[in-house]
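Asker: Listed here are the chains, written in short residue letters.
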Amino acid sequence: MSGGGVTFTSAGVLRGMQVGIPLVIGTFPFGLVVGVISGAKGLSLLETLVMSGVVFAGASQLLALELWTDPAPVLAASLAALVVNLRLAPMGAALAPWLDRLRGWKLWGTLATLVDHSYAFSIAEIRRGGRDAGYLLGVALILWMFWMVAVGLGHVLGAVVQLPPGHPLYFAAVATFCALLVPVWQGVRRDLLPWILAAAVSLGAWEIGLGAPWPLLAGALSGAALGAWMELRRR
Amino acid sequence: MTLRLDVLLAILGMALATYLCRAGGYALFRAFRPPRYVEVTLQHLPGPLFVAYVAPTLASQGAKGFLAAVVVVAAQAVTGSLVAAILAGVAAMWGLGLVI
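Chains as they are written, first to last, in my numbering: chain A, 1 to 235; chain B, 1 to 100.
Honestly, I wouldn't trust all of these hints.
Taking CB as the label site, the calculated pair distances span [said to hold, decoys possible]:
| no. | chain 1 | residue 1 | chain 2 | residue 2 | range |
| --- | --- | --- | --- | --- | --- |
| 1 | A | A11 | B | L67 | 43 to 53 Å |
| 2 | B | F32 | A | V149 | 38 to 48 Å |
| 3 | B | P34 | A | V19 | 26 to 36 Å |
| 4 | A | L153 | B | F32 | 37 to 47 Å |
| 5 | B | L28 | A | G109 | 10 to 20 Å |
| 6 | B | L9 | A | V19 | 31 to 41 Å |
| 7 | B | V70 | A | L232 | 25 to 35 Å |
Computed footprint of chain A on chain B; a stretch qualifies when at least three of its residues, placed anywhere within it, have a C-beta under 8 Å from a C-beta of chain A [said to hold, decoys possible]:
| no. | region |
| --- | --- |
| 8 | 13-24 |
| 9 | 47-54 |
| 10 | 64-76 |
| 11 | 81-87 |
Covered stretches of chain A, as calculated for chain B (at least 3 residues, CB under 8 Å) [unchecked claim]:
| no. | region |
| --- | --- |
| 12 | 54-60 |
| 13 | 192-203 |
What the hints contain is simulated information worked out from the structure, not anything from laboratory work. Using N, Cα and C, we set each Cβ at its ideal position, and we do this for glycine too.
For reference, chain A alone in the conformation it holds in the complex (with noise of 0.2 Å):
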């Protein structure tokens, strides 16, 4: 890839927000469910708002909200988008081959918006030959507009529906992440260890009483850790 020729048009925004459409299937009802989540935490609709345009990330958004306490937990917050969204940092220099050729808000304004699939699209892109860069920020508007939708929604029902403490419709929250898990695992081999340890380490910080996000710090980190350690000698 020679990076020559790549351009940022209006055209490839609006491409971007076509091809996205049908994601939106996919993350409407997460955003729905950030919205319940969040509005049974005690935030307010324009708080709730606020948080998924500016965080716009909802595995994150959902993490947060789980370690929520009042007044708001701002260390254990930001600590928890800070671990979930590690995982993003590599996907923008990935993308260098369109990024490294933007320059002023085109480059630092569409890498706030960078998301998983948004990421994954114009990788496809870059690698069919696309040289319109602008189909990134696309991608990733039409997401953030319907997650801004569904969040609000979501927000209201719950607060119509004033669901009581321990109901079971907040188990969404949980069943997200065990279902996240599924893609994720790659074979025994790969992932059996590192994710007992991980359990291990976060439920034995959790019983000796250490309050969020130290837990699921401690857990994530060490077996990630272990893995990396694990496929390094293997090598």
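Given chain A, put chain B in place with the hints provided.
Answerer: What follows is chain B alone, placed relative to chain A:
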């Protein structure tokens, strides 16, 4: 339509942390080639991260939580649909609540 200061600060902290991952990752990885173990550790992060969240949360809900989690994983594996898996989990939690 309230916007409390503590909530706003937490949201801004989350937004800053997330932007650091999105833009900082690109800037840093472009300037320096990261050590191999950092790259590999990042690739391994998602699984242990979700496990480390799910384990204590399920433990606090007892046997009911673990059984419902098994239903969620099975539903996701069979259908490949996140929506179906979440609905199955909530349904299982509701059903188990009647018997346990």
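Asker: So, for every hint listed, does it hold in this structure?
Answerer: Each hint tested on the structure:
no.	hint	verdict
1	A11/A - L67/B: 43 to 53 Å	holds (52 Å)
2	F32/B - V149/A: 38 to 48 Å	holds (40 Å)
3	P34/B - V19/A: 26 to 36 Å	holds (31 Å)
4	L153/A - F32/B: 37 to 47 Å	holds (43 Å)
5	L28/B - G109/A: 10 to 20 Å	holds (19 Å)
6	L9/B - V19/A: 31 to 41 Å	holds (37 Å)
7	V70/B - L232/A: 25 to 35 Å	holds (33 Å)
8	13-24	holds (count 12)
9	47-54	holds (count 8)
10	64-76	holds (count 7)
11	81-87	holds (count 4)
12	54-60	holds (count 5)
13	192-203	holds (count 8)
Hint check: no violations occur; every hint is consistent with the structure.
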